[in-house]
Every structure is written in C-alpha cells, then in structure tokens.
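Residue numbers (my numbering), protein chains in the order written: chain G, 1 to 756; chain H, 1001 to 1162; chain P, 2001 to 2080.
Because the hints were derived from the structure by calculation, they are not lab data.
Owing to the predicted nature of the structure, the values given are computational and were not obtained by experimental measurement.
Treat each hint with caution, since some may be false.
Now the in silico label distances, taken between C-beta atoms and shown as ranges [to be verified]:
(1) 1119/H - 421/G: 50 to 60 Å
(2) 1158/H - 598/G: 40 to 50 Å
(3) 2015/P - 84/G: 19 to 29 Å
(4) 1082/H - 38/G: 25 to 35 Å
(5) 1126/H - 251/G: 53 to 63 Å
(6) 1158/H - 510/G: 32 to 42 Å
(7) 1126/H - 2044/P: 52 to 62 Å
(8) 677/G - 1063/H: 18 to 28 Å
Restricting the straight-line Cα-Cα distance to at most 27 Å, the calculated cross-link-like pairs of lysine-lysine (DSSO-like) are [unchecked claim]:
(9) 506/G - 29/G
(10) 62/G - 396/G
(11) 2017/P - 190/G
(12) 63/G - 108/G
(13) 318/G - 190/G
(14) 1003/H - 63/G
(15) 246/G - 284/G
(16) 173/G - 108/G
(17) 576/G - 2017/P
(18) 108/G - 673/G
(19) 173/G - 2017/P
(20) 396/G - 318/G
Idealized CB from N, CA, C, for every residue including glycine.
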Amino acid sequence: MNAPESKRAFRYVGTRPVRPDGVEKVTGKAIYGPDYQAANMLHGAILRSPHAHARVRSIDTKKAEALTGVKAVVTGADFPTTEHIIMAVGESSSDLVHLSRNCMAQDKVLYDGHAVAAVAATSDEIAREALDLIEVDYEVLPHVLGIEEALADDAPVLHDDVFTKGVNPTPDKPSNAAMRVEMGKGDPEKAMADADVTVSGRYTCEAVHQGYIEPHACVSAWDSDGQVRIWASSQGHFAVRSLTAKILLISEADIRVTPLEIGGGFGGKTTIYLEPVATLLSKKSGRPVRLAMSRAEVFRASGPAPGAVIDITMGANKDGMITAVDMEFKYHAGAYPAITAHSGASSALSHYTIENSRVIGWEVLCNRPGTKAYRAPGAPQSIYAVECALDEIAEKLGMDKIEIRLKNAARPGDPNIMGIPQGEIGYVECLEAARDHPHWSAPLGPNQGRGIAGGAWGNYGGPSTAQVSIAEDGTVLVTTGSPDIGGSRAAMAMMAAETLQVPYEKVRVAIADTSSIGYSMVTGGSRTTFATGLAVTNASNEIIENLKGRAANIWEVNASEVAWGEEGAVCLAEGKTDETMSLAALAARTTFMVGAIGAESSVNPGGFLPGVGVHICDTEVDPETGHAKVVRYTAIQDVGQPIHPDYVEGQMQGGAVQGIGWALNEAYLYNDKGCLDNPGFLDYRMPVASDVPMIDTVMVEKFNPGHPYGIKGVGEVPIVPPLGAVACSVSEAAGVRMRDLPLTPDRVHEAMHPDD
Amino acid sequence: MSKIHVTTTINGDESEFLCTPGETLLDALRNRLGLTGSKEGCGSGDCGACTVVMDGQMVCSCLVLAAEAQGTTIDTVEGVAEGSELHPVQQKFLERGALQCGFCTPGFIVASKALLDHNPDPSETEIRYWLAGNLCRCTGYDKIVRAVQDAAAELRQERTPA
Amino acid sequence: MRIVVMPPFDNEFFGGKDRLDLEAGNLFGMVRELDALSPGFSDVAGVRAQFAIDGVVVPDWSTSLAGASEVILLPRVGGG
C-alpha cells in the first residue's frame, strides 16, 4: 500500500490503494465477455462478406440448415424493418437503420467483413462448417477506400439515402460526403494576408483500430415469453439494451443485460455488433447462443478511428502571435455516417486563442468498417495538423516551442471556437510544467530529435445512477451502472469512503445489470469518475443525513445537533457531547428498528471541464533503415484532482502509447480488391513493451470547482498530443518535415534519402 | 469426429480431457477444463494473453495443439498463487496499478513469473524484450515493467538467506 | 433571446441561419420553438444537440431561461 500523498485535506482521495477487483484479475478468475457460458448454450458464427462492396442478390441457407447440429440460421431478412430514427450511441448518435444493417447486411455489403448470415450450432466446429454451406450470390460493385477518391464525381456511392448534412441547401443527389461543418471567427483571409509569417501543409494520418485485446463477445438467451437476457462486455450495458431493443423491436424492460468484465474499449465498445444477431439466433433455436469475434473479425468489422487528410495554413506575427488559421480536414467515416467532423472542428484550436480562424470538416463514406469513437474522437487528427503547423511557425521565427504555445494558450474563461468560455483549464500550467521538466532541457544524442505538442478535449457529464447501501454490520456497498474498464471501482469506493468517512477497505463496489440499477450512460467520454462519482458522493451524503436523523432519535436530540465524522454520528447537544455512534453501531441498532439504510442518486451533471495536455517526445532515427524509436517520453496533463493517481497516470501512459502506435506503426493495409490484408496483430503492429521507454507523467492538479472532489475527465486527452509530438520529433531527428503518418521506416528512409 | 484422450498435469494436478485433433490447448483449457484465466486475444500467437508454461517452457497455448499436452506439465495463471497467497508478481501488479482492464493481465503474470524464475535480476531492457510477446493496450507498459522490477527485488530479498 | 446555431445544425435545419431570435421559458420550450421553424428538429435534438446558456453547457432541459440573453445550440460531442 502506498502512502497518502494528497495535496488537499483528503483521507483517501489522491491515495493509491489496491483496487477492489484486483485480486480476481491477477488470478485469472474475472469473467470477461468471451468467458461466460450459459447452460445448454449453442455456439454461433457469422458469415462475412469477402467483397468490399457488393449487392446481395440472394442467400441460400438450406444446406447449412440441414447440417446435423445446426439449430438456427439468420440473415438480414430476419431483421425487422426499422425506421430511420436517430439513436444515441455512446455520446454520439447513429441512424437506427444503419446500426441494424451494420449488424447484418440487408441489401448491400459495404466492406470486407460485413456480416451477411449467422449460424448457431451445438459446437463451434459445426457452426463454422455450416458457414461454408451458405451460398451467397453477390453482384460485386466497384469499391472506394480513399478519402479523396470517395469524393470524386465518378466514385461509387455507398448509400442512395445519404445526402450531405450541414450544407445549405441539402443536395438532392446522394454522395459519399456525409457531413460538412464549418466554424470560425474573425476574418482569416485578411489576417492571413497581413501575417508576418505563414506556413502551409497537407497532413495525413491513417485509420487505426482501438486495439482492445478482448474481442467482442456475448451470450443471448431469448425466452418464449419474449424476455431476453444478454451477458456481454461493453462500455455500457444500457446502450447494449437500448440498441438491441430498438433494432429488434423489443421493449427495453424485456431485455436484461448483465455486464461482464470488459477487456478494453477506448470508445470502440460503445456500440453493438453481435447482440441482436445472437438474440435472433436464440429466438429461432430456443437456446442461449454465444457469439464471439475472432481477432480477424475485430479488425475487419469493428472500429476503427478515422484516417484523415488535413490541409492547414497558419499565419503569425513576428512576435509569435498566431493571427490566422485556415484549415480543412476530411475524415473517413467508413461505411456509415459517423459524428466526428464537429468534434474535430471544435477541438482543433480550442487550446489556443486565435482571433481569426476558419475550420472546415468533412466526413467521407468509403468501403471500410464504420468508424467508431477512439479516445477523444476526431481531435487527435485535426490537432496533429495544428501542432505541426505551430512547430513550423516557431522554427521560422526561431522561437522556443513552449514560448510560442504560452503566447497563444487559452486561459480560464477564454471562449472556445463556439463562443463558450472554457472554465478552469490548466493549459498554461501544463506548458509551464513542460518547460520546467528536466526532459525539456536534457541534451539530445546523435540522430535524435525532440517534439512537443499540446492537445485538448471537451469531456462530458451525462446521466449516471448510483446506489449506496449500508450492510447490517456497517460496511458499505456501492452499486453503479458504469462498467469498470480501468480501475473505476477503486475511484467509486474511495469517494464513498471519503464522504462517509469510513475506511476504504469497508467499501465494496458492484456493477449492476440493467434491471437492477437506473440508467447510466456508457463508460466513455471521460465521464465515469466525474459523473458516476458525483452520484456516489450524493448518495453517500444522503445516507449521512439519514443516519444523523437516526442518531438524533436514539439520543432524543434534534438532528441539527448531530454532526458526522470519522467516529460516525457525534452528538453536539448540550450535556451529551461525549456521545458518538459509529456507522457499525447505527447499522446494527437501526436496520431492524427503523429500516434498511440506503440511498440512490441519479445525476446528469454539467460542470465538466475540458482536459488539456502537453507531451514531449524524443525519438532516435536510424539513418540506415529509417526506423524511428521513441527514446524518452513525458506526458503532462491537467487532471483536476486525481482520485486514484495510479489509474490517472495509467490513462496518460496508455493513451500516449496508443498515440505513438498511431504515429509510428499502425495502419490498415487494403489490397486492390478492397480486402484487408493485415487483420491480425502480427501485421497490424501495435506497440509492444520493447518499443517504448517508461512514460513519465506529470499530473497538473487544477481543481474543478464544479465537482465535490474537483474531478476532470482524464481518459481521452492523452491520445491527442502524441501524433504531433512524435511527428515533430522524428522530423527534427530526420532533418526533414514529415507530414504523413505512420512514420514507417520506409517513409522516413525515403524522406532522408530522396535521391536513392 | 473421434476424440483424443489426453492426460496431463495442470497446476500440479493430474488432469484428463478429450479433444478433437485440431483443437488448441487454449480451447481445451478454457472450454473443457473451465480454466478461463488464459485468454484468447488473437489466436495467432501475437498477443500473449493465452501464455502458459509447458514443461518449463513459456508458450502461447493458442499455438499448441491440445493433443500435444499428453504427458506434459502445464502451469496456467490459475496456478500462480499458492492457495490464497498471491505470488509477488501478482501482488506487485496490484500495488503498482499495473492493470487497467485486466484482460492481458493473466498472460503478463505468467510471462513475468517465468522471467523471474529464469532471471532473478533482469534489467529494464530484459524485462521489455521478455514481455514483447504480450500485448497490453491500456497501460503503455510503464507500470507493468515497474511491477516486475518490484517483484524481482522482493523475490531476491526472499531468496537471500537471513 | 439570441440563439446561436452551430454547424451543422445551421445549414441542416435552419436554412443556413446561425443567429435566431426566440423566446422560451426553458430548453424544452426552446426546442419546441426550433421545431416549429424546422419540423423534425426535435426528433434529433435529444440525442444530437446540447445547449449552452450564457456560456455554460446545461444538460437539464428544465433549466429556466428567465434572464438569459444567449443560448448556443451545439452538437453533443461524442466521446470514447
């Protein structure tokens, strides 16, 4: 156990206790999505399209159905016709028809790996054998993978019912441009013309997968009375419930989703792929059905985050004040419209105050899996271009790269690009911490370069429910509807312990199924410790008030004469000031004599604040091979009050390494038929332990006045700065500006040796 | 399909199961023996979530045929703790916050223990290269490496005669 | 009261207008007024929109608009 190190007068908040679910996870006992088994369960498998774009003329399932051991076959024809209603998915939204058709194609397949049929059988082997017996007649259509290609006049159009949103008037011709947003202020054209110095460039980055190690998996059991039980790992089991209910036209109360432990999500498990399919297979077979993706299925048919093409021009005066930014980015949407253009545009410049700006963002459909959230969705790409352009301006002016950022940094109260004041943000403090960090002034070795980049993300609140109840012996049970992906049970227990003033070890945390707790939005958007933590705190405070009343009745004094402290209820009434009653004593004495002790709180809080961070990266480039290796890395972030610093640092370190992977290695490789050539971890190269150094962290603790424990969301910001930090570092090490990610050895080598 | 009868020693206990010829050791452990601590992250030997020790050798159980387990001794994550007493590697993972989602953790625990059984005083580089076959997407490896360093130090202390 | 409409809603629903002038008692009323200008807006507002009243993002649509001078209508930002 580590010693308390809180800078404020907290007993538990800010310390590093062992998480309550730790032992079961280091001993292999925790049950994750693929581990769950139901009695009499069938094994499902999904047939996926081998084509990037094709019309499904017909599907013949007779031979598969006739195979011994096959109990059910499902195709798109088994899915009910749904309306085009807009559904919340995570904190974003999607058209219900698109969600349904992504689970199972109904007329066209839109990407390699798109589900077309599914089988449930008595064994996994039989299910897979049956897939081979399903005959699908495809009319192969021309496909398109690239952003610019998808916008060309003669590009194959994926949907005949998608008309560009955000342009006026709405076009009457369908296209692959799903959305356009434009925002800005001032007069960027004039300011650019007046600027002392300008830089321009086109930056690109590839689509990348969230890369959670646990593939998607679920078990669904449909009962003949129409009730459905689902066991699944996800970032939000209430989202699993509502999306499955709407796709299959089942009422939400008839679906009970039990959350299993989740093996990583990063935004990619805020939606559903398998649950409606498993439910239909269960309905047809009358038995519980498991569906689990292989790694190749995860790569071919889930995620990713969008790749991007970004054109930026930035102008500054000779003092380093950025006077104008003009940028236009285009993001992959994948097979279905996504909602990242707005967040890409609103985040791009939010950590700076720039008087004149125009930011245009596009979402572009193409024959790839539909893009999904991945930590700060939309922000890493646009901010990558902004940070690199700033780097170039600083170089042109001969200015220090932290000084130029400090000069332009957004400060508390400065409005963002939408005119909304930003509250108590700590970007200046982060930059100062970077300047003061020994990393910034350390000497570089040969072939090394140093990059720095900042970044921001808006964060969120959202609805959460928590129950706190006191057992008969005075120990504390916290129940939430928020899946724990990275230690949030510990944070909930710590906030309850802090509020109730009881030892941390006396608090245990459970995550309840959808029928056992009120609605709670997904664990995502950096919201859980903030919003669910507020609900836990509120419920704990309500219990204190209740217990003060009970103690007052026992002592026959007024409730206002009772205080609450570490010793429990404390009597303040004259003549009785020696009286105290512990939580254990109150529970023992009143549970049966008054009633059970518990409280529930449902919140939908405002008061969330943007997160900001600054990362410093040193790389060393091998001039012979072009291989770039990260040799030193420091992540600095305004985290508000950290509840459990290990898990805050863990978010920073994990996000940084994901960003390093995005910048250096990771990319989808499609062949000329539009099929994915690297659907596995061998060729889709995520960072391994030997690829990276220790990731040093600096937590800048700027308390959030809008939360009782000062919390700011921390989970998403860390993936925003790395793209720029790594790219600028490699550019310096290689001696040539690198603008296309990932910075693979062949690209770096070619840039360093253009004449070879 | 006719099944193969396999007899093996798992976590110190004699164990037997029937498997198909093409079945992996990972599937047999998970589906036939209920040892779901070993995880399948990839099925191709790239992520290490299914790491077990077979006759003293660290292997990805997804790359071993179940039938090959005949007559071998296998140690899985379920056997790392001695009864209810955690191994120092497990304890240090908890104290260092070296897991977030925890899905890759069993593979890291088995691999880290195997490293320390083989090299009681590994350098940071040795730890990183030994664990390079285990993917973690949550932690960025920092706290994992530190936990292994801490566990190594504690084990060395335990082994030093007083 | 001034309503500032952020993209893509300005073009998608309000004919390119990014400034509107409306009166309403709370955000439910505001959405009703916006739906009257662009039928169908209220169907998507619940999942796609959020509002800032005088510079503060307010999740609760019951919040009174008495005394408010500006409401910004912006997309709810998806998080991961």
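Tested hints:
Separation of residue 1119/H from residue 421/G is about 56 Å and conforms to the stated range, judged on CB atoms against 50 to 60 Å. As the Cβ distance of residue 1158/H to residue 598/G is approximately 45 Å, the hint placing it in 40 to 50 Å holds. Checked against the hint of 19 to 29 Å, the pair residue 2015/P and residue 84/G passes, with Cβ atoms roughly 22 Å apart. Between residue 1082/H and residue 38/G the CB atoms are about 33 Å apart, so this pair conforms to the stated range of 25 to 35 Å.
The hinted range of 53 to 63 Å is satisfied by residue 1126/H and residue 251/G, whose Cβ atoms lie roughly 57 Å apart. At roughly 36 Å, the beta carbons of residue 1158/H and residue 510/G sit within the given window of 32 to 42 Å. Distance hint for residue 1126/H and residue 2044/P: a CB-CB separation of about 56 Å, consistent with the stated range 52 to 62 Å. Restraint check, residue 677/G to residue 1063/H: a C-beta distance of roughly 22 Å satisfies the suggested window 18 to 28 Å.
The suggested pairing of residue 506/G with residue 29/G holds, with an alpha-carbon distance near 22 Å, which does not exceed 27 Å. This hinted pair does not check out: residue 62/G and residue 396/G have alpha carbons roughly 69 Å apart, beyond 27 Å. For the given pair, residue 2017/P sits about 24 Å from residue 190/G by alpha-carbon distance, which is consistent with the 27 Å threshold. Distance restraint check for residue 63/G and residue 108/G: the Cα-Cα separation of roughly 23 Å lies within the 27 Å cut-off, and the hinted pair is therefore satisfied.
A hinted pair counts as satisfied when its Cα atoms are at most 27 Å apart, and residue 318/G with residue 190/G qualifies at roughly 17 Å. Proximity of residue 1003/H to residue 63/G is assessed by CA-CA distance (about 26 Å); at most 27 Å being required, the pair is judged to hold. Between residue 246/G and residue 284/G the alpha-carbon distance is near 19 Å, which keeps this suggested pair within the 27 Å criterion. Distance hint between residue 173/G and residue 108/G is fulfilled; the C-alpha atoms sit about 19 Å from each other, no more than 27 Å.
A distance of roughly 68 Å separates the Cα atoms of residue 576/G and residue 2017/P; the hinted pair therefore is violated under the 27 Å criterion. For the hint pairing residue 108/G with residue 673/G, the CA-to-CA distance comes to about 16 Å; that is within 27 Å, so the pair holds. Straight-line distance between C-alpha atoms of residue 173/G and residue 2017/P comes to about 22 Å, which keeps the hinted pair within the 27 Å bound. Between the alpha carbons of residue 396/G and residue 318/G the distance comes to roughly 10 Å, so the proposed pair stays at or under 27 Å and holds.
In the structure shown, a violation is registered for the earlier hints numbered 10, 17, in ascending order.
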